[in-house]
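Visitor: Following the hints, complete the assembly by docking chain R onto the known chain H.
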Amino acid sequence: MAWPALVWWTVFFIVPLFWIVLYSFGSRPGAEAPGPVALETLSFDNYRQALSEIFFRVFQITMRTAGLGTILCALIGFPVAYAIAMHVPPRWRSILVFLLIVPYWTSFLLRTFAWRIILAPQGTLSEVLQAIGILGRPLLILDTNAAVQLGIVYNYLPVMILPIYVALERIDTSLIKASMDLGAGPLQTFLQVTLPLAAPGLFGGLVLTFILAAGDYVVPTILGGTKGLMVGNLIATQILASQNLPLGSAMAVMLIGLLAGVLILVALLLFVLQRLLKLVRGAPL
Amino acid sequence: MLAPYRRDVNTVFQNYALFPHMNAAENVAYGLRQDGVPAVERKKRVRDALDMVEMLSFADRKPGQLSGGQQQRVALARALVKRPSVLLLDEPLGALDRKLRQQMQVELKLLQSQLGTTFIFVTHDQEEALAMSDSIAVMRHGRIEQLGVPTELYDNPATAFVAGFIGTQNFIPGYRLGDSLAMRSERGVVFEASRAVRGLKYEAHVLGAVRPENVLLAAREPPTRNRLTAKIAANVMLGDTMEFVLVLPDGRELLSRMPRRDVDILPEGAEVWAHWQSNAFTLFPFEDLESKQGKPWSN
Chain H
1 MAWPALVWWT VFFIVPLFWI VLYSFGSRPG AEAPGPVALE TLSFDNYRQA LSEIFFRVFQ
61 ITMRTAGLGT ILCALIGFPV AYAIAMHVPP RWRSILVFLL IVPYWTSFLL RTFAWRIILA
121 PQGTLSEVLQ AIGILGRPLL ILDTNAAVQL GIVYNYLPVM ILPIYVALER IDTSLIKASM
181 DLGAGPLQTF LQVTLPLAAP GLFGGLVLTF ILAAGDYVVP TILGGTKGLM VGNLIATQIL
241 ASQNLPLGSA MAVMLIGLLA GVLILVALLL FVLQRLLKLV RGAPL
Chain R
1 MLAPYRRDVN TVFQNYALFP HMNAAENVAY GLRQDGVPAV ERKKRVRDAL DMVEMLSFAD
61 RKPGQLSGGQ QQRVALARAL VKRPSVLLLD EPLGALDRKL RQQMQVELKL LQSQLGTTFI
121 FVTHDQEEAL AMSDSIAVMR HGRIEQLGVP TELYDNPATA FVAGFIGTQN FIPGYRLGDS
181 LAMRSERGVV FEASRAVRGL KYEAHVLGAV RPENVLLAAR EPPTRNRLTA KIAANVMLGD
241 TMEFVLVLPD GRELLSRMPR RDVDILPEGA EVWAHWQSNA FTLFPFEDLE SKQGKPWSN
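The listed protein sequences correspond, in order, to chains H and R. Going by the numbering used here, the first residue of the first sequence is number 1, and it counts up by one from there. Going by the numbering used here, the first residue of the second sequence is number 1, and it counts up by one from there.
With the rest of the complex left out, here is chain R:
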């Protein structure tokens, strides 16, 4: 195996890992010095790299005199100045506040398309992954669970884990009805799905999944097959959307999300019908998501 320092990959570390005894320019120059890049070219490349991340005016500051976002930029310049064929970013935005993070997401995306370098961006933030990636690999216990473009992962997740990890999901455990696209929940309610993961066995133990944005609320019993009575436990204002936390008769929770303009705030304790179309319901082989990883699907 090739030693790390001989690979054509550079990394932006989680905590930036800038050398505290060197100023921004020296940090950026470090990698070029190791390669023996001649001084004239080195200075030009350091200047260009700092300019690219708009940190040229901070070139002589030590990392301790820079804000988190500025350190982030220097770390980016330090890694990119070596013109690696792959740039690895290890949760680089984790320490930044939300606004700065969104700003950096856009900048990183722009930078990537300008440079054409492959960026491998490691993140726990699924929204970040969806927003920034051309292609996402969902990892679980060090293995790739599914690799695909964001829409494919979101619309056709291969496993319940991926379904829950990308976006939010409501999971209903139960058993498949024969080899049909329907399931019976543990309380005996039958739900119809339009999709089941390939290889699902006859009468298999399954998790049915429906996204909150597909769970609709109605005051009167709807004609849809997939329906449940529920009680409103909480209204959560999310800006452009409303999230309703519903409690089912068996005590389970169900989330429903709707655009603000389509709904009013419903009083807590109100009895409603929650329903969804069968084409928004998918069957996955059962897995105990909660015990393994906490709740990967909750934000």
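Pulled out of the complex, with its shape left as it was, chain H reads as follows:
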């Protein structure tokens, strides 16, 4: 009885993806031709054009920004999720989770624009930092990669927290008691019981955050200026500004492929690490 999911998947995922892939092999239509893409002659021209040095440099920056952002989100998000799931009484938990989501009732754009005010060289943050002597000159973070990084961490933090929270909240607390009972201290218990059991949530959060961050173009557009470009900007520029849907599609397909490659690489790395860990620990029998 999986067909409703299958239909949903097909209509909203497979079909659009198919069109993007198809468009990426097309060409820009002539002035009088109808439709956004000419599909009479299919070729790899768009890919040849997209495989430029700029694309890879921007892709590199994108990976760094998204990767670092994901790691920062995990470092901030895990303790938050852990505190809510393990140290807050059940009736307060849903309220706290609700409070985490409340800011998202405001538009993504508005929240990101708000950071321009906070981070502005003449803004409050800048003045406070100068007043207490941390900075000797105005804060010059706006329209740089650092601002994009910050915006990404801010925007995707809940995407990281929620799956981790759900995984942690499901852990039976008697398992932690059992671990302590068997002689494991708090840190060993965390590493050997809590963390492995929360791993599915953590991986979910990491993958989701990374994919969303890597494809983002709103945050770099608003906070990054010209220095903080990401792949999303390149694609958006091709499709929206240059009206070059075929080239944009080719870039999008390349982004999807490269992202998938990165994720597979990370998954392989984790698998090997796990095997190594097992080898080091030795078989139980």
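Hints listed in this document are in silico derivations from the structure and should not be mistaken for laboratory results. It is possible that part of the hints are untrue.
Claimed, not checked - Short, incomplete list of chain R residues facing chain H, as computed with Cβ under 8 Å:
(1) 10
(2) 13
(3) 15
(4) 17
(5) 28
(6) 31
(7) 34
(8) 35
(9) 43
(10) 46
(11) 47
(12) 51
(13) 78
(14) 148
(15) 150
What the hints assert, rightly or not - In the BS3-like style, the derived pairs of lysine-lysine whose C-alpha atoms are separated by at most 27 Å in a straight line are:
(16) R:44 <-> R:109
(17) H:278 <-> R:62
(18) R:44 <-> H:177
(19) H:278 <-> R:44
(20) H:278 <-> H:177
(21) H:278 <-> R:43
(22) R:99 <-> R:62
Unchecked claim - Have a look at the derived ranges for each label pair, beta carbon to beta carbon:
(23) H:170 <-> R:109: 35 to 41 Å
(24) R:48 <-> H:187: 27 to 33 Å
(25) H:2 <-> R:237: 47 to 53 Å
(26) R:118 <-> H:5: 54 to 60 Å
(27) H:203 <-> R:241: 31 to 37 Å
(28) H:185 <-> R:41: 58 to 64 Å
(29) H:173 <-> R:263: 49 to 55 Å
(30) R:85 <-> H:8: 55 to 61 Å
By construction, the Cβ of each residue, glycine as well, lies at the ideal position given by its N, Cα and C atoms.
Guide: Same frame as chain H, now just chain R:
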């Protein structure tokens, strides 16, 4: 106070609390790893522990692939592999069905006598407590109400709570007659006892207690002092025994239990005499058992 993970006590948890991401052998090895037991010795001890609970052939199964009874065994092996001086079992058999539970009771008892380790077995099931223990502590609101061997608790309970908790009791509220071993019920019937709890005051508010197996039924008025007329409300077949639910004229219930071979089924509504010997009747200081804990004496 010593942190839990530094105590020489291990626990079998109520819901077993096996680590779901580890197989049976890894679960058992967990405690030994924490102590840094060398690999060779660790493997041997894990194997021995699994063998002891007959789970060696399930060593590589995850808890989710094991039945309740099997999980129970793994939990037992996991706790015992550390050779604690005391093993705490927190209602370990509560989730098992009756037959498996009785089987595990026997196995636990055998295991305990083989190992010589002290087992502290927490249970709400008084039959389980009687059947398995060398010594029972009846707890109430976190305090020990009475500590003793099973026969002592059963035959000489210190309070009405213990009397009702271990086995079944009929309680009759009333007042002690002076400082004698007799009481007058609220309806004015006098009953004779052979034992009163020490320190019972003059004319004290008391609960007289008689066990169902000591309540006999007779068609004609018996010569016994402790007797009442009653009506049969229900016959309950318990296998080797019959239980009669009697209703007294004041509406109270009285239970009587007799071996099947000694009695026939009595028709419901039949009028009978219920009677018991004074040496089966004990006086306790009155306490309101029903309001505090439900009915601890009912099964």
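Visitor: For every hint, state whether the structure bears it out.
Guide: Results for each hint:
1. At its closest, the beta carbon of residue 10 (chain R) sits 6 Å from a beta carbon of chain H; the interface hint therefore holds under the 8 Å criterion.
2. Taking 8 Å as the C-beta cut-off, the interface hint given for residue 13 (chain R) holds, the closest approach to chain H being about 5 Å.
3. Interface hint status for residue 15 (chain R): upheld, as the beta-carbon distance to the closest one in chain H is roughly 6 Å, under 8 Å.
4. For residue 17 (chain R), the interface hint holds, since its Cβ comes within 8 Å of a Cβ in chain H; the closest pair sits about 4 Å apart.
5. Contact between residue 28 (chain R) and chain H, as hinted, is supported at the beta carbon level, the nearest pair being about 7 Å apart and thus within 8 Å.
6. Checking residue 31 (chain R) against chain H by beta carbon gives a least distance of about 4 Å; that is within 8 Å, so the hint holds.
7. Checking residue 34 (chain R) against chain H by beta carbon gives a least distance of about 4 Å; that is within 8 Å, so the hint holds.
8. Annotation: residue 35 (chain R) was flagged as interfacial toward chain H, and the flag holds, the nearest CB pair being 6 Å apart, inside 8 Å.
9. Hint status for residue 43 (chain R): holds, given a least beta-carbon distance of 6 Å to chain H, under 8 Å.
10. A cut of 8 Å between beta carbons decides the hint on residue 46 (chain R): the least distance to chain H is about 6 Å, and the hint holds.
11. Here the hint on residue 47 (chain R) is kept, as its CB sits about 6 Å from the closest CB of chain H, short of 8 Å.
12. Because the closest C-beta pair between residue 51 (chain R) and chain H is about 11 Å apart, greater than 8 Å, the hint is violated.
13. Given hint, residue 78 (chain R) at the interface with chain H, holds; its Cβ is 7 Å from that chain's nearest Cβ, closer than 8 Å.
14. The beta carbon of residue 148 (chain R) comes no nearer than 29 Å to any beta carbon in chain H, farther than 8 Å, and the hint placing it at the interface is violated.
15. At a threshold of 8 Å, the smallest CB-CB gap from residue 150 (chain R) to chain H is about 28 Å, leaving the interface hint violated.
16. Taking the CA atoms of residue 44 (chain R) and residue 109 (chain R), the gap is about 24 Å. The hint holds against a cut of 27 Å.
17. Using a Cα cut-off of 27 Å, the hinted pair residue 278 (chain H) and residue 62 (chain R) holds, with the two alpha carbons roughly 16 Å apart.
18. This hinted pair checks out: residue 44 (chain R) and residue 177 (chain H) have alpha carbons roughly 26 Å apart, not beyond 27 Å.
19. A threshold of 27 Å between alpha carbons decides the hint, and for residue 278 (chain H) with residue 44 (chain R) the separation of about 19 Å falls inside it, so the pair holds.
20. Only pairs whose Cα atoms come within 27 Å are accepted, and residue 278 (chain H) paired with residue 177 (chain H) is accepted, the gap being roughly 24 Å.
21. For the given pair, residue 278 (chain H) sits about 15 Å from residue 43 (chain R) by alpha-carbon distance, which is consistent with the 27 Å threshold.
22. Distance hint between residue 99 (chain R) and residue 62 (chain R) is fulfilled; the C-alpha atoms sit about 24 Å from each other, no more than 27 Å.
23. At roughly 36 Å, the beta-carbon separation of residue 170 (chain H) and residue 109 (chain R) lies within the given 35 to 41 Å, and the hint holds.
24. A C-beta distance of roughly 29 Å is found between residue 48 (chain R) and residue 187 (chain H), which places it inside the suggested range of 27 to 33 Å.
25. In this structure the supplied range 47 to 53 Å holds for residue 2 (chain H) paired with residue 237 (chain R), their Cβ-Cβ distance being about 51 Å.
26. Look at residue 118 (chain R) against residue 5 (chain H): about 55 Å separates their beta carbons, and that is inside 54 to 60 Å.
27. For the hinted restraint 31 to 37 Å between residue 203 (chain H) and residue 241 (chain R), the CB-CB distance of approximately 60 Å leaves it violated.
28. Take residue 185 (chain H) and residue 41 (chain R): their Cβ atoms lie about 22 Å apart, and the range 58 to 64 Å is violated.
29. A C-beta distance of roughly 51 Å is found between residue 173 (chain H) and residue 263 (chain R), which places it inside the suggested range of 49 to 55 Å.
30. Taken as a hint, the range 55 to 61 Å holds for the pair residue 85 (chain R) and residue 8 (chain H), whose Cβ atoms sit roughly 60 Å apart.
In summary, the structure is inconsistent with hints 12, 14, 15, 27, 28 from the numbered list given earlier, while agreeing with the others.
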